[in-house]
Amino acid sequence: MVARVQTWWTIFRICVEERLVYRGDFALGTLMRFLPIVTQIFLWTAVFAGAGKGAIVGYSQNDIIAYYLLTTITRAFASMPGLASGFARQVREGEIKKFMIQPIDVIGFLLLARVAHKIIYYAVALGPFALVFWLCRGYFTAGWPEPTVLAAFFASLTMAFLLGFFLELTIGMISFWFLEVSSLLFVYMLFNFFCSGHMFPLEILPQPWQGIVEFLPLKYLAYYPAAIFLGKVPPDELVRGLMIQAGWVLFFVIACRTALNAGYHRYSGYGG
Amino acid sequence: MSYLGVFLTFARNSLIRDMTFRANFIIELISSMSWMAMNLGFYTLVYRYTQNIAGWDKYEFFVFIATTMFVNSLVQAFFMPNAEELSEMVRTGGLDFALLKPIDTQFLVSLQRVNWSSLGNFLVALMLLAYAVPRIEGYQFSLAAAVLYPLYIVAGVLILYSVMITLAATSIWLGRNQSLYDFWFYITNFSRYPMEIYDGPFGKPLQWAFTFIIPILVVINVPAGIMAKPILADNPYGPWLAVFAVLATIAALAFSRWVFQKALGSYRSASS
Numbered sequence: 043m044v045a046r047v048q049t050w051w052t053i054f055r056i057c058v059e060e061r062l063v064y065r066g067d068f069a070l071g072t073l074m075r076f077l078p079i080v081t082q083i084f085l086w087t088a089v090f091a092g093a094g095k096g097a098i099v100g101y102s103q104n105d106i107i108a109y110y111l112l113t114t115i116t117r118a119f120a121s122m123p124g125l126a127s128g129f130a131r132q133v134r135e136g137e138i139k140k141f142m143i144q145p146i147d148v149i150g151f152l153l154l155a156r157v158a159h160k161i162i163y164y165a166v167a168l169g170p171f172a173l174v175f176w177l178c179r180g181y182f183t184a185g186w187p188e189p190t191v192l193a194a195f196f197a198s199l200t201m202a203f204l205l206g207f208f209l210e211l212t213i214g215m216i217s218f219w220f221l222e223v224s225s226l227l228f229v230y231m232l233f234n235f236f237c238s239g240h241m242f243p244l245e246i247l248p249q250p251w252q253g254i255v256e257f258l259p260l261k262y263l264a265y266y267p268a269a270i271f272l273g274k275v276p277p278d279e280l281v282r283g284l285m286i287q288a289g290w291v292l293f294f295v296i297a298c299r300t301a302l303n304a305g306y307h308r309y310s311g312y313g314g
Numbered sequence: 014m015s016y017l018g019v020f021l022t023f024a025r026n027s028l029i030r031d032m033t034f035r036a037n038f039i040i041e042l043i044s045s046m047s048w049m050a051m052n053l054g055f056y057t058l059v060y061r062y063t064q065n066i067a068g069w070d071k072y073e074f075f076v077f078i079a080t081t082m083f084v085n086s087l088v089q090a091f092f093m094p095n096a097e098e099l100s101e102m103v104r105t106g107g108l109d110f111a112l113l114k115p116i117d118t119q120f121l122v123s124l125q126r127v128n129w130s131s132l133g134n135f136l137v138a139l140m141l142l143a144y145a146v147p148r149i150e151g152y153q154f155s156l157a158a159a160v161l162y163p164l165y166i167v168a169g170v171l172i173l174y175s176v177m178i179t180l181a182a183t184s185i186w187l188g189r190n191q192s193l194y195d196f197w198f199y200i201t202n203f204s205r206y207p208m209e210i211y212d213g214p215f216g217k218p219l220q221w222a223f224t225f226i227i228p229i230l231v232v233i234n235v236p237a238g239i240m241a242k243p244i245l246a247d248n249p250y251g252p253w254l255a256v257f258a259v260l261a262t263i264a265a266l267a268f269s270r271w272v273f274q275k276a277l278g279s280y281r282s283a284s285s
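In the order they appear, the protein sequences are chains B and C. Everything in the first sequence is counted per my numbering, starting at 43 for the first residue and increasing by one. Everything in the second sequence is counted per my numbering, starting at 14 for the first residue and increasing by one.
Hints are supplied without guarantee of correctness; some may be wrong.
Stated by the list, open to error - With a cut-off of at most 25 Å between alpha-carbon atoms, the simulated BS3-like pairs for lysine-lysine come out as follows:
no., chain 1, residue 1, chain 2, residue 2
1, C, K217, C, K71
2, B, K160, B, K261
3, C, K217, C, K242
4, B, K261, B, K274
5, B, K95, C, K71
6, C, K217, B, K95
What the hints assert, rightly or not - Under 7 Å between C-beta atoms, here's a sample of chain B residues computed to sit facing chain C:
no., residue
7, M74
8, L77
9, P78
10, T81
11, F84
12, L85
13, A88
14, V89
15, G92
16, I98
17, S225
18, F228
19, F236
20, M241
21, I246
These are computed hints drawn from the structure, not numbers from a lab. Even glycine gets a Cβ: it sits at the ideal position worked out from N, Cα and C.
The task is simple: from the sequences and hints, build the whole structure.
So this is what it looks like as structure tokens:
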């Protein structure tokens with residue numbers, strides 16, 4: 043048991059070090075990430091001026107901008123750059139074999155690496171994020187939410203991370219069956235962008251699309267935590283919503299493991 | 014052998030290369046088109062809630078989007094793959110071979126590869142333009158607009174090319190410039206909206222700077238304004254902006270040429 047914890051701890055430390063190599067590039071990149079928000083603020087100001095209404099689908103102008111700001115946080119938790127494509131590359135080039143030989147679970151290893159990367163990311167990104175949110179505090183007209191809502195927000199964020207990880211890794215596992223998955227990943231990315239609420243609050247979608255998106259796991263990757271923070275989720279639905287999100291996490295944990303086992307069975311180690 | 018002849022050879026070779034991997038070509042075609050379709054979907058949704066955005070009504074704005082697609086598809090087809098290649102050539106020392114060839118180096122590194130699949134969006138943009146223009150309220154055909162529109166699209170492409178090659182040239186000084194693409198994306202992100210949305214105490218200076226210092230706002234706004242509201246009738250700077258756009262194009266090209274030459278002067282061959 044102790045040896046096992048030690049192994050995982052070492053892996054975690056290596057991943058942290060690896061991430062810190064490019065810290066300068068990294069901090070700059072984080073600040074640049076907020077540039078699209080600047081254009082979103084101007085765009086929505088113009089939209090509201092043109093509409094002449096105080097609110098669109100229940101969002102005031104400030105709410106929409108607060109929403110976009112919050113999705114940068116949810117995306118920082120849920121987005122997994124290079125996870126599925128990296129896994130597919132390991133399968134294609136045969137690197138995955140090392141996990142079959144070594145006594146390390148590949149899903150656990152990747153999860154730990156991701157956690158390490160994310161922790162470093164938040165440590166570096168905290169400064170830029172705090173600065174931008176402080177500058178934009180005026181858009182959060184309702185102030186801080188209730189402690190229970192805040193707790194639900196953080197729970198939803200944590201699950202967004204797990205959901206993003208297991209969902210994307212499951213897609214990456216498809217590479218056991220089709221060696222080239224980059225086009226599939228692109229389709230997923232497109233869907234994700236549109237249906238997760240990254241591009242706009244999902245309430246904007248007309249029926250039947252809104253109903254369809256309601257049943258997809260994607261909305262928990264960007265929309266849902268932000269909606270909780272802004273008080274768009276009624277308190278009596280909060281628990282149910284979080285349960286559904288947890289259900290989706292569990293679903294993809296199982297799907298991911300099943301796909302890995304099935305994939306190992308049909309894998310035939312090309313490359314060296 | 015004339016420069017045109019050389020370019021045609023580059024274009025032909027790229028086409029042969031693209032046609033060798035035909036499935037990949039088609040996937041690339043579809044993915045870049047679906048990206049634009051999503052963008053169009055987003056604005057269709059927004060226009061359900063408002064009549065106009067910063068003075069652009071729905072079909073005028075579709076003309077704006079079509080213009081964006083024209084410019085982007087041309088930039089991506091002719092210059093994007095080459096600018097990415099340039100920073101790679103600097104890192105690997107491959108630029109040595111380009112320098113040795115008896116041809117203008119900037120011409121060679123800017124145009125040696127044509128990405129044909131990006132031109133798919135060019136056709137989509139044509140269709141969108143044909144759909145949107147007759148639907149603009151009170152639209153009157155103007156011969157001047159029809160002649161000037163393609164010319165200003167070319168001018169816009171040249172301005173973006175200048176920005177891109179200037180950014181790419183910095184990789185000669187920096188050794189490697191990985192975030193080139195990100196930076197490019199974030200800068201050009203500002204150009205993809207009507208300039209009228211940049212309003213208010215922060216917007217006006219931004220609008221001014223991105224028009225007169227780094228002239229990326231004229232890239233789309235001038236041709237789109239010429240086509241949708243014949244000859245920039247509503248533009249805050251009026252038809253004079255079209256005159257300025259010509260000067261800006263010349264200045265941008267001259268500046269990028271100067272930067273490129275300067276950068277080449279301090280090129281230290283990495284290894285070859």
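The hints, checked one at a time:
1. C:K217 <-> C:K71: holds (24 Å)
2. B:K160 <-> B:K261: Distance of about 21 Å is within 25 Å: holds.
3. C:K217 <-> C:K242: Measuring from Cα to Cα gives roughly 22 Å; hence the hint holds.
4. B:K261 <-> B:K274: holds (14 Å)
5. B:K95 <-> C:K71: holds (18 Å)
6. C:K217 <-> B:K95: With a Cα-Cα distance of about 24 Å, the restraint between K217 (chain C) and K95 (chain B) holds, given a limit of 25 Å.
7. M74: This interface hint holds because 5 Å falls under the 7 Å limit.
8. L77: holds (4 Å)
9. P78: holds (5 Å)
10. T81: Hint holds; T81 (chain B) Cβ to chain C Cβ min 6 Å, cut 7 Å.
11. F84: holds (4 Å)
12. L85: The hint holds - L85 (chain B) has a Cβ within 7 Å of chain C, the shortest such distance being about 6 Å.
13. A88: holds (4 Å)
14. V89: Since the shortest Cβ distance to chain C is 5 Å, the answer is holds.
15. G92: With a minimum Cβ separation of about 4 Å from chain C (threshold 7 Å), the hint on G92 (chain B) holds.
16. I98: holds (5 Å)
17. S225: holds (4 Å)
18. F228: For F228 (chain B), the interface hint holds, since the closest Cβ of chain C sits about 5 Å away, which is under 7 Å.
19. F236: holds (5 Å)
20. M241: Since the shortest Cβ distance to chain C is 6 Å, the answer is holds.
21. I246: holds (5 Å)
Hint check: no violations occur; every hint is consistent with the structure.
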